Amino acid sequence: MNDAYPTLIVQRVGPVARVTLNRPERLNALDDALVSDLTRFLRAARDDDALRVIVMRGAGRAFCAGLDLKSAKTGSAAGGISDGLRAQRRIRDIMLEMHRLPQVILAALNGPASGAGMGIALAADLRIATPQGRMNAAFIKLGVSACDMGVSYFLPRMLGTSLAKHYMLTGRFIEPQRALELGLVSAVVEEDALDVEIDALLADLLRATPLGLRLTKDAFDHAVDMPSLESVLALEDRNQILGVQGEDFAEGVRAFLEKREPRYRGA
1 MNDAYPTLIV QRVGPVARVT LNRPERLNAL DDALVSDLTR FLRAARDDDA
51 LRVIVMRGAG RAFCAGLDLK SAKTGSAAGG ISDGLRAQRR IRDIMLEMHR
101 LPQVILAALN GPASGAGMGI ALAADLRIAT PQGRMNAAFI KLGVSACDMG
151 VSYFLPRMLG TSLAKHYMLT GRFIEPQRAL ELGLVSAVVE EDALDVEIDA
201 LLADLLRATP LGLRLTKDAF DHAVDMPSLE SVLALEDRNQ ILGVQGEDFA
251 EGVRAFLEKR EPRYRGA
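Positions 1 to 267 (my numbering) are the ones given, in order, by the sequence shown.
No lab work stands behind these hints, which were simulated from the structure alone. Since the model is a prediction, treat every value here as computed from it, not as a measurement. Hints are supplied without guarantee of correctness; some may be wrong.
Claimed, not checked - 16 Å max Cα-Cα, derived EDC-like pairs, lysine to aspartate or glutamate:
| no. | residue 1 | residue 2 |
| --- | --- | --- |
| 1 | Lys217 | Asp49 |
| 2 | Lys70 | Glu25 |
| 3 | Lys217 | Glu190 |
| 4 | Lys70 | Asp31 |
| 5 | Lys217 | Asp237 |
Using the sequences plus the hints, can you model the full thing?
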């Protein structure tokens, strides 16, 4: 537990922050405290130039079970439409903050990710899972829309509209092996091998220059929604010229030629 974020476990080692959602007794479901802590952490991370990668996972046997229905106000207790919309936006802002962050976010699905938990998983840049790390758009089974927490934005872009609609209308779980086949996750590993897989991915990510990593995430996320090849190429051209200006690019070239690991300074 971190004093600044009581419902999170935050472990910072150099350019990597490992963030664990820490409400295992509620399957890491989102209550007001967890929503507040996670939002505040992400907003603080935005201006942390030394931070390059964030690893997210859940404590216990779940990644995130979505909204904590025991703590959530429903029906007349929720107040009017304005109050409900305000509460909805507080939660959905997590997905916005993740999408806007310059750092790469790796979601390690150590267990189920449902509803808003699925939204968090999809808002990450990379996903790996254990055999328990399945996902579903849960709210379709609770009398409301499955188009929730950014799922209707991310899932069609990742799976295509037909398959995304199938999972959202049925609320069926996307099992880890199926997620791997569909490209939603890049690996499925046993729980005792999860940290090994995370460390291997971190090693690859940290071989990139700090600027190169940020420029790649930024350009990729914009390119997905750009209207033409010409627009994408123009963005890529600008980013490449920006990237070669710093000392880190020269260090990367030297390290490659000298067959050694680069020593980047973030310059």
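Evaluated hints:
1. Lys217 - Asp49: The given pair, whose Cα atoms are some 15 Å apart, holds under the 16 Å limit.
2. Lys70 - Glu25: holds, 12 Å
3. Lys217 - Glu190: violated, 28 Å
4. Lys70 - Asp31: holds, 9 Å
5. Lys217 - Asp237: Satisfied, since the Cα-Cα distance of roughly 15 Å is no more than 16 Å.
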